[in-house]
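Chain order of the listed sequences is A and B.
In short: position in the first sequence from 1, add 288, done, that's this note's numbering.
In short: position in the second sequence from 1, add 288, done, that's this note's numbering.
Don't take each hint at face value.
Any copy, or any two copies together, can satisfy a pair, since identical chains are not distinguished.
Listed below are the simulated SDA-like cross-link pairs for lysine to any residue, each with C-alpha atoms no more than 20 angstroms apart in a straight line [unchecked claim]:
no.: 1; residue 1: LYS428; residue 2: LYS573
no.: 2; residue 1: LYS517; residue 2: GLY352
no.: 3; residue 1: LYS517; residue 2: GLY572
no.: 4; residue 1: LYS557; residue 2: GLU390
no.: 5; residue 1: LYS602; residue 2: GLU493
no.: 6; residue 1: LYS517; residue 2: ASN686
no.: 7; residue 1: LYS537; residue 2: VAL330
The hints are simulated quantities; they were obtained by calculation from the structure and are not laboratory data.
Number of protein chains: 2
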Amino acid sequence: MSKVGVIPGPSLLSSLMWSLWPGRVINAGKSRHNEDQACCEVVYVEGRRSVSGAPREPSPSQQGLCFYYWGLFDGHAGGGAAEMASRLLHRHIREQLKDLVEILQDPSPPPLCLSSTPGTPGSSDPSHLVGPQSCWPSQKEVTHESLVVGAIENAFQLMDEQLAQERHGHHVEGGCCALVVVYLLGKVYVANAGDSRAIIVRNGEIIPMSREFTPETERQRLQLLGFLKPELLGGEFTHLEFPRRVQSKELGQRMLYRDQNMTGWAYKKIELEDLRFPLVCGEGKKARVMATIGVTRGLGDHNLKVCSSSLPIKPFLSCFPEVRVYDLTQYEHCPDDVLVLGTDGLWDVTSDCEVAATVDRVLSTYEPNDPSRYTALAQALVLGARGTPRDRGWRLPNNKLGSGDDISVFIIPLGGPGSYS
Amino acid sequence: MSKVGVIPGPSLLSSLMWSLWPGRVINAGKSRHNEDQACCEVVYVEGRRSVSGAPREPSPSQQGLCFYYWGLFDGHAGGGAAEMASRLLHRHIREQLKDLVEILQDPSPPPLCLSSTPGTPGSSDPSHLVGPQSCWPSQKEVTHESLVVGAIENAFQLMDEQLAQERHGHHVEGGCCALVVVYLLGKVYVANAGDSRAIIVRNGEIIPMSREFTPETERQRLQLLGFLKPELLGGEFTHLEFPRRVQSKELGQRMLYRDQNMTGWAYKKIELEDLRFPLVCGEGKKARVMATIGVTRGLGDHNLKVCSSSLPIKPFLSCFPEVRVYDLTQYEHCPDDVLVLGTDGLWDVTSDCEVAATVDRVLSTYEPNDPSRYTALAQALVLGARGTPRDRGWRLPNNKLGSGDDISVFIIPLGGPGSYS
């Protein structure tokens, strides 16, 4: 019914996860088992080799790197992808970081090119640098931070490829949204692919750390792909959006539409092709790609087809996360400052402000050094989103329906007594 | 050398434009003539016909619509496109609005479908509405505002098509960035395609009203297009980005790269294809698409080819603006509140904060009802960005080089004595 995980380590990084599988009564239309999966780990990254190719004695500070990791995986159409991703995604991140162990611990800018010849790292050898050219006056500066972002992005892609490869042998079904946090060298990286959400609540202020990827927020990306690759629409769908389904008797009339370039609406004369089902339709939680799926980024879904059709949906889904970075050292955090991760089961019925109010209400009733305060907060958020049985359903205090979805919440304290000592 | 235009109308909408063609000395590398063009007009839109198809007596309030219009067009590779767009874009907007005259003056929601049969407007006839369907539970609400946005978006596209058609007969050369403002029914619509910029300075606060479209800000859109349509790269370019030019002797080594999905960087092994010139290269003002052009949205450029090649660049450029809307009725503006439009000649050397400081400094030295205060402000901004001759060049007060580009500025006062009477 619930899971609580506490990572050993500084109080700064203690972490609590609460996942609630709602009762069957309010779980209508969902699977019988909680498709949310979670993972929190401390991961040690051993350097693959000296990046310069030169074998050398590792100094104590350059023997390896540690990162703290939290992941929420909200599965759909089967729990296989969420389960596999929760077990393996952090290992892909570790693999991607292996090449960077030495570079990330070296304060000088990362080398742009790594020589394969021992002893000749590309960018520190002047003969490898191109002089100013007409269209290429200088080399770009690449930060350590952007290497970690690139490592996480590529890890998501490799995880997705692994799900594609193993879906037959291991019967890995379905797909999942993935929201993960990597804490490495003083910075918090929040990577989101799907409709989960992360916010930081700091001194009562809300700092969004992710955005949701849905048919509505990614409409123009989806439409552009359908426009550039019409074969992906299989003659069944139109890349145009209409405010409602076009009917055949409306041929020749003029209806509002939007294409991949537009944010506004205009009228167009209805033609035969416009009678096809639209690639993107519906609003809010009911928005769908190809009348099938309500999220546009995530892992898995390699077998997903349009209902009663062999048309694959995967080409329209992206496995790439958006990664946001928060520098933990730029602000002195107090024990009430937290990073909250939640699946859409939480956010569908709880606003950012309501979460911030719950953070304040719950944490203020506990001593700052009482670690159970974060567990209590996670419980309060999950139970608050579920509601209580009343009036033929699970109801929130405002009498609206509670969440009928799986609900999972991570609370990651950002500060605490002694956390910066 | 300079132009000042004042629109007749309420003090609210008096407008001042200052355009400065820099002296030849500091115009190195630019054309000998100012390629910036500007336009400000009051445009009357006559309804095309009753949208319902039914002929009826127009009420006095529904005879037509008026909009105020300001446009800045920053030309490149010839002034033809900028000149033609400055003369015609507002007419395309007028044409697009003609269908909407009646709808925009009707407070009820816009009809989703317009019947071609007289007397049967689509959405007010219940038989035209689709009932709830499994994937299409309801119809979308479309606002009046989004119809105006759509009209402006389509007007940009039609203007671009006209430039394509007339480029031979009328020798319309080059392309232009376009930044236009439409004031209609209490709302300010700011549409930007290119690297000009609009900000509102309100009570000293800066409200950005546009963003710039450059090879850097649109990198991922450009790379995605090159990835999905590799034929557009002509075997000469790679859609991957590298931090500097790859050299053939680096084949087999590992270099940092980014693809269309990444915001971070990662290492990849250099292969033969990576030796091609990158689709996007350079940084800041020196960033280029296909080593040729530094803006990625605008009008024209239909003949633009990669240097020493027949490869067209136009497929990578977008003629669509981003439109932002500001509701003028939601705030009581004072005479010091202004909308500032400027070409990149202004913004390259002047920050938003410096512009806001100049707004405050100049306007406070004039009486609030002195209309010449806005002219003085436009002059101060243009001359401030140009600098003064000193130390073998035109220098700013901080001794940096002044702008060597054409500089054009519009000041649009948002409030004033009696403007809301």
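Okay, the hints, checked on the actual structure:
1. LYS428 <-> LYS573: Result: close only across copies, 13 angstroms inter versus 41 angstroms intra.
2. LYS517 <-> GLY352: neither (45 angstroms within a copy, 42 angstroms between copies)
3. LYS517 <-> GLY572: neither (26 angstroms within a copy, 32 angstroms between copies)
4. LYS557 <-> GLU390: between (61 angstroms within a copy, 19 angstroms between copies)
5. LYS602 <-> GLU493: Classified as neither; 38 angstroms inside a copy, 45 angstroms across copies.
6. LYS517 <-> ASN686: neither (46 angstroms within a copy, 52 angstroms between copies)
7. LYS537 <-> VAL330: neither (62 angstroms within a copy, 41 angstroms between copies)
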